[in-house]
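Chemist: Once you've looked at the hints, go ahead and assemble the two chains, each given alone in its own frame, into the complex.
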Amino acid sequence: MNVRGVSRPTMALGFGALVLSLATLLGLPTPLQTVAALIVLVLLPGQALTRLMRVTDLGLGALLVLALGLAALTAVSTAMFYLAVWSWQACVITMGAITILACIARARQEATS
Amino acid sequence: MTSTLKQPGSTHARLWGARDIWCAVAGAVSLALAVGAATTVAVPVNSDLGLVGVLPYPFWAGVLLLNVTFVVALRGDATGPARRPVMLWLIVVLVLILFGTAAFVTDAPRGEVAFRHLGIADALSNSGGIDPNIDAYFNWPGFFALLATVLRATGVDPVSVALWAPVLNMGLWLTALSVLTRYLTKDPRRRWLVLWIFCLGNWQDQDYLSPQAFGFFLYLVVVVLLMGPLAAKAPAFRGFKRADLKAWWLARTPAEPLPGRRISALVVTLLLVAVICASHQLTPFLVLIAMTALTLSGRVWPSRLPLITGILLVLWLVYPASTYLSGHPPLADAGLQTAIAANVVDRTTGTAGHVLVVQVRIALTLILWALAAVGSIRDWRRRRLDIRVVLLAVTPLLLFPVQAYGGEMLIRVSLFALPFIAMQASSVLLPTKGSVRPSTRGALVLVPTCFLLAALTVTGRFGNAQYDVFADDEIAAVAAVDRLAPPGSAIISAAHPTPWRSQDYLAHRYRTIEDLCPSDLSAATCGPLIYRYAKHNSAGGYLLLMSSAESSLVVQGQTSQRNFEELENWLKIQDGVNLAFSNGDARVYRVAP
Numbered sequence: 000m001n002v003r004g005v006s007r008p009t010m011a012l013g014f015g016a017l018v019l020s021l022a023t024l025l026g027l028p029t030p031l032q033t034v035a036a037l038i039v040l041v042l043l044p045g046q047a048l049t050r051l052m053r054v055t056d057l058g059l060g061a062l063l064v065l066a067l068g069l070a071a072l073t074a075v076s077t078a079m080f081y082l083a084v085w086s087w088q089a090c091v092i093t094m095g096a097i098t099i100l101a102c103i104a105r106a107r108q109e110a111t112s
Numbered sequence: 000m001t002s003t004l005k006q007p008g009s010t011h012a013r014l015w016g017a018r019d020i021w022c023a024v025a026g027a028v029s030l031a032l033a034v035g036a037a038t039t040v041a042v043p044v045n046s047d048l049g050l051v052g053v054l055p056y057p058f059w060a061g062v063l064l065l066n067v068t069f070v071v072a073l074r075g076d077a078t079g080p081a082r083r084p085v086m087l088w089l090i091v092v093l094v095l096i097l098f099g100t101a102a103f104v105t106d107a108p109r110g111e112v113a114f115r116h117l118g119i120a121d122a123l124s125n126s127g128g129i130d131p132n133i134d135a136y137f138n139w140p141g142f143f144a145l146l147a148t149v150l151r152a153t154g155v156d157p158v159s160v161a162l163w164a165p166v167l168n169m170g171l172w173l174t175a176l177s178v179l180t181r182y183l184t185k186d187p188r189r190r191w192l193v194l195w196i197f198c199l200g201n202w203q204d205q206d207y208l209s210p211q212a213f214g215f216f217l218y219l220v221v222v223v224l225l226m227g228p229l230a231a232k233a234p235a236f237r238g239f240k241r242a243d244l245k246a247w248w249l250a251r252t253p254a255e256p257l258p259g260r261r262i263s264a265l266v267v268t269l270l271l272v273a274v275i276c277a278s279h280q281l282t283p284f285l286v287l288i289a290m291t292a293l294t295l296s297g298r299v300w301p302s303r304l305p306l307i308t309g310i311l312l313v314l315w316l317v318y319p320a321s322t323y324l325s326g327h328p329p330l331a332d333a334g335l336q337t338a339i340a341a342n343v344v345d346r347t348t349g350t351a352g353h354v355l356v357v358q359v360r361i362a363l364t365l366i367l368w369a370l371a372a373v374g375s376i377r378d379w380r381r382r383r384l385d386i387r388v389v390l391l392a393v394t395p396l397l398l399f400p401v402q403a404y405g406g407e408m409l410i411r412v413s414l415f416a417l418p419f420i421a422m423q424a425s426s427v428l429l430p431t432k433g434s435v436r437p438s439t440r441g442a443l444v445l446v447p448t449c450f451l452l453a454a455l456t457v458t459g460r461f462g463n464a465q466y467d468v469f470a471d472d473e474i475a476a477v478a479a480v481d482r483l484a485p486p487g488s489a490i491i492s493a494a495h496p497t498p499w500r501s502q503d504y505l506a507h508r509y510r511t512i513e514d515l516c517p518s519d520l521s522a523a524t525c526g527p528l529i530y531r532y533a534k535h536n537s538a539g540g541y542l543l544l545m546s547s548a549e550s551s552l553v554v555q556g557q558t559s560q561r562n563f564e565e566l567e568n569w570l571k572i573q574d575g576v577n578l579a580f581s582n583g584d585a586r587v588y589r590v591a592p
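The listed protein sequences correspond, in order, to chains U and R.
For the first sequence, position 103 (counting from the first letter as 1) is numbered 102 according to numbering that gives the first Met the number 0, and the numbering increases by one without interruption.
For the second sequence, position 321 (counting from the first letter as 1) is numbered 320 according to numbering that gives the first Met the number 0, and the numbering increases by one without interruption.
Chain R on its own, in the form it takes in the complex (with noise of 0.2 angstroms):
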C-alpha cells in the first residue's frame, strides 16, 4: 500500500531522557489539577458565560501546565520531539481535559440531542423495522441502525456511551487525522502540532453521539483513501488551453503502483460512501465537494469516483430518503443572506455574557482560518504550498449558501474546514525550514497561542452550559414525565434542550414552549396556546418546566425570568392543571383532557 511521507529523525531508537519523563508526569499533573477542578462545579451552572464562568483557576492552571509541557516535549531536542508515547499521552491529556470536563461536571450527558439519538436507537431495536415516515432520522438510519446493534450486543449503559461519546469520537477523529498527516508532511513536529491545534480549535461541540461525528470520521477515512493509495502524482501545471489541460490530464500518473491496491481501496472508499450516505444528510455532500476538488486538481487516480460517489448519493436521495425529501425540498432555504441570518444574525442575541461566548465562537474561527491563510502565503512563497491542504480547507464553504441548516451550516462547514486549517496554521507557528527544532522565541510564542486557543475553545464549547448541563434534579423529572405519562399524551418543556425522548421516542407527542409560541412567550398570548394544545389533545398534557429550559430562554433573549414566572404562575391556575412532580430544579404539571 502507498507508503506514507518517512519522518527524517525517527524518534523510535532514542532512550527516553529526563525531559521525556518530565513531560509524561507534567501531563499527569495537568490532568489531575484540571480534572479536579472540574469536579467541584455544582449544577445546574449559575453563569451566562458557561463552564468558563465557573470553573475554578486550578482548571486553567492545569491547561497552561499542559500547553507549556506540550511545547516543550514539541521542541524537543535537535533529533525530533519528545517519544512518541509521551506526544500521545499529551494528546489524550488534552482531549480528557477539553472534551471530557463535561463529564467530569456531571454524569448526565449534555445537550438534548445525545439522548434524543439514544431514543432513535431504543425505538428501532424495539420496533425491528423503519418506517420513513417518522422523521428525518428514519430517512437516514445508518448511524442508529449501528448504535441499536451496540448498544444491544454489549449491554453497555446507553447513557455512559452518550457521556463519553466526546472524548470517543476525538479519538476517532484524531486517529484519521494522524494518518492523514503523514502524507502530508515529512515533519513529525507538525504531525503532532496539527493534532493540537485541532483539538484546540475543535470548539464546535459536533462530538456528542451523533451521526454527524461518525460520518466526519468517515469523511476523514475517505480523504486519507483519496491522499494515500487513491492518489495520482500530477506534473505541473501548464495552463488552461485545452491542449495543455490535455496533456497534463494524461501525464498523471498514480501513487500506488500495484493495480490490485487500488481496487481494494476503490471498494473500500465505496463502501465508506454508501455508509456515509445511509447516515447522514449533509456528509455525502462534503465527501462529493472535496473528492470532486481533488479529482479536478489531478491528485486522485480513479477520475470517475466523483461520478459513482454522485451517483450513490442520488440513489439514496430518491429511493431510502424519497419520503423525507417529497416534504421537505433541499434548497428551500438557499441563499447567502438567509444563510447569514440563521447562521450568524439570529445566533448573536441574548444576554451580555451569552452573546460574548457567540463572539468567542467567532473570534477562534477567524483567528485559526487567519492564521492559516497566512501560513498558506509563507508556503507558497517558500514553494511548498500543498493545494490538496487548501482545496480541503476551503471547498467546504461552497456549501454555506446552500442550505442554511437550522442555522448550523456555519459550524458544519468549519468543522470540515478545520484539520486542514489547523495543517496551514502549523505553518506560522514553526519555523520555516521542515523539521528544524524551534527556537527558544518560538516557543515562547507557541505557548501563549495554544493557551489562549484552549481557553476560546474551553469558552465557546461549554458556552451554553448554564442550559445544556443537567442537574440530577431535572433528570429525574424527565424520569418521572417518562413514567406517569401515558402513551399518546402530550409532553411539553419549556425550551430546547430538554434531556427526554431517550426512551419511549414515537410513544408521546413532544413539543416546547418556543415551538408552540414562536414569537411571543408572555402569558396573555403564550399561556392559552399551550393550554389548549395540551388540553385538547385525547391522552391529556404534561407541563416540564425546568431550570436549565427557563436560562435558556432567558439567556437567548427569548423572554425574561419575570415573564416566565408569570407564564407558568397564569398556566398552573387553570382548569384541571396540577402539579404532578416537583424537585429543586424541576416542575411537572398534568394537564386533564
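Only chain U is shown next, with the shape it has when bound in the complex (with noise of 0.2 angstroms):
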C-alpha cells in the first residue's frame, strides 16, 4: 500500500480516534469526557464508515455519520450485552477499533485509486 496515496482526512481519524478513545478511558473533567465520548463513539466510526461508501452528496453524509454512528453502537452494545462481556471502556475500545479498521480500508482504497 503506497502511503503517500493516503488522504490527510483518513489519517486524521485514525489517529483521531485512537488519541480519543485512550483520553475516554483515561478519563477527563465532566464536559469534556461528555464530549470526547461522543465523538469517539458515535461520530467517528459513523465519519469513519461513510467515508468507506464514497458519499459525494453533503447531506446524506451527515446523515449517514449519525445514522451510521448510532447503528453501529448499538450493534456493538447489544452483542456484548448479550455475550455477557458489556462494560463502557470495552465499547470505547471496539468502537476506537471499528473506526480504525475503517480508516486502513479507506486508505487501501485510496492507495489503489
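Check the hints yourself; a few may be wrong.
Unchecked claim - Pairwise CB distance ranges (calculated):
1) R/Gly-127 <-> U/Met-10: 49 to 59 angstroms
2) R/Gly-127 <-> U/Leu-57: 32 to 42 angstroms
3) U/Val-84 <-> R/Ala-442: 57 to 67 angstroms
4) R/Ile-262 <-> U/Ala-78: 42 to 52 angstroms
In short, the hints are calculated from the structure, not lab data.
Glycine included, every Cβ here is placed at the ideal spot set by N, Cα and C.
Modeler: What follows is the structure, encoded as C-alpha cells:
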C-alpha cells in the first residue's frame, strides 16, 4: 500500500480515534468526557464508515455519519450484553477499533485509486 | 452517490439582506417571548386542558410572531426563500418552542416512560447481561444497550438527557427528513414548508427518550436510502396483464449507476434494519411495509430487500424475542373493532377539558390528512403526483387493525405517515407551479393555517400536563420511596404516569391502584384489594399518592376527587399503615407485612 496516497482526513480520523479513545478511557473532566465519548463512540465511527461508501452528497453524508455511528454502537453494545462481556470501556475500545479498521480500509481504497 | 434533486435558484450566492436579518431577529424575539412565558407556569399544572390552559399570552404572541416570520422568510424574494441559516434558525426556534416548552416549565422529564427507560438502561449496566424473562423491554434491548453505554461513557446526567430528549429526537428526525425532501422536490420553499408542517403536526408525543423515537429516526434513514442510492427508475406503467407487468418490471433501471455504491448502501440498510429489529417491536413491521410497497411500485432496485428484511425480522422474533412472544401472541387482540375501541373510544372519556384535548388531537390529524388528500388530487391533476409519497403516507394504516398496541397504534401510524402527509399538505399551501414566490394572498392564508396548527399541536402535545408534568415535591416523594423501600417490597402508586423506576428497576414490585382495581376504585371495593396486596408482600409495601396521579384518575374519568379521598382515608386507618413521608404534593404510606 502506498502510504503517500492516503489522504489527510483518513489519517486524522484514525489518529483521532486512537487518541480520543485513550483519553476517554483514562477519564476527563465532565464536560470534556461527554464530548470526547460522544465523538469516539458515535461521530468518528460514523464518519469512518460513511467515508467507505464514498458519499458525494453532503446532506446524505452527514445523515449517514449520525445513523451509522448510532447503529454501529447499538449493535456493538447489544452484542456485548448478550455475550455478558459489556462494559462501557469495552465499547469505547471496540468503537475505536472499528474506526481505525474503517480508516485502514479507506486508506487501501485511496492508495489503489 | 445518487445525487439529490438540484434546486433551481441557489441561495448561497446572495448576500444577507435586510429581510434575512429582520427574520433572524424576529426568531430570537419569538423564542424569548415563548421561553419567558413558559418559565412562569406553576407546577403542578391546574387545568384539565393541560399547558394550553395556563400558558400566558406572551407565549402565544411568540408562536404567532414566529409563524409570521417563517412565512415572510419562506416568501423571500424572486430568487427564493431567505438564506439557509435564517430558515434553519427559524426551524430551531420552532423545535425549542414546540418540543422544549415543558423543559422550560420544569426540570423533570414529562411522563412516566422516560423514567422507566432510564431504569432499564441502569438495570442493564448493573447486570451486564440480558435476561429476556424480565419483561418485553429485555426482548428488544437494542436501544437500552445504546443508552446504557452512552450514559456510562459520557457521565452525563440521565435525567437531563430525558428532559431534552424531545428536542434531540426532533433534531435527528428533521435532519433525516431534510435529506429525504431533497430526493422528492426541487422546490426549496416546499422543502422548508414540509419541515415546518412536520413540526406543527407532531402532536403524537413520541419523541421522548424511547426506542420508538430512535426507531423512527432509523426508519427515516432507511427511506432516504430507498429513495436515493437504492432507488430504481420505473418506466410508464402499461397495465396489469402478465406480459405488460413483466416488461415493466424488467425495464426498471437503477438510479445509482455505480454497483459498488449500491452494494454499500444495501449493507448500511441491512445494518439499520437489524438494529431496528433489535430495538423496537413495531418499527420493523413499518419498515417492511414501506419497503415492500416501494419495491412493488418498481421504485426500489434490490427487489429481494423486503424478503431479506422479513427474514431478519422473523429471526429476531423466533430467537431473541421468543421468550416474550411465547406468552404474548402478536395477533391476540387483532381486529378493526378492537383497534377502534382501544385507540379511539377508550381515549375519549374523562372531564370536559380532557375530552376536548383528545378531540383536538383527532381534529389536527384529520385537518392534515384532508390537506394532504387535496394536495394529492391537485398534484395528480397536474401530473406531478409522486406515488412513493402517497404509498409511504397510506401504508402505515395497514398495521392499524393488526394490533391494538395498548391503544397507541393510531398514534404510531399517524406519526409514521406524518412526513409524507406533510409533503402532500405542502402542495396545497404553495403555488401550483413549483419554485414560485407565494402571493401576498397566499401568505395571508399560510400564516393563520400555521398558527392554527401550532396552537392545536401545543394543545394536543401538552394536553395531559395536569398529570404528566411533575412538581419537585412529587419527584422528592419518589426519591423518598426509593430510599425507604427495602428490596422486594411492593410500591403502589395511584396511577400512571408516575416518575418511578428510574433506578432499582428490578428491586421492587411496581403496581398502580388502577392496575389492581381496573373496574371500581371505590374505598369499599378497591381499598381491601390494595391493602391485601401490600400486606401479603413479604417485604411490605409503600403506597405513593401524588397530586398528578390523582389528577390522572380524575381527568380520565376513572374516579372523582371525593372517592379518591375516601379511598385514602380508608387505607390510612388500617392496621400497620403509617405515614412515612409527606409534602405539599405527595404522601407515602408504609404498609407493614
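Chemist: Next step is simple, just say for each hint if it's right about the structure.
Modeler: Each hint, compared with the structure:
1. R/Gly-127 <-> U/Met-10: 49 to 59 angstroms: violated (36 angstroms)
2. R/Gly-127 <-> U/Leu-57: 32 to 42 angstroms: holds (40 angstroms)
3. U/Val-84 <-> R/Ala-442: 57 to 67 angstroms: Cβ of U/Val-84 to Cβ of R/Ala-442: about 59 angstroms, so the range 57 to 67 angstroms holds.
4. R/Ile-262 <-> U/Ala-78: 42 to 52 angstroms: violated (23 angstroms)
Hint compliance for this structure: hints 1, 4 are broken, all remaining hints hold.
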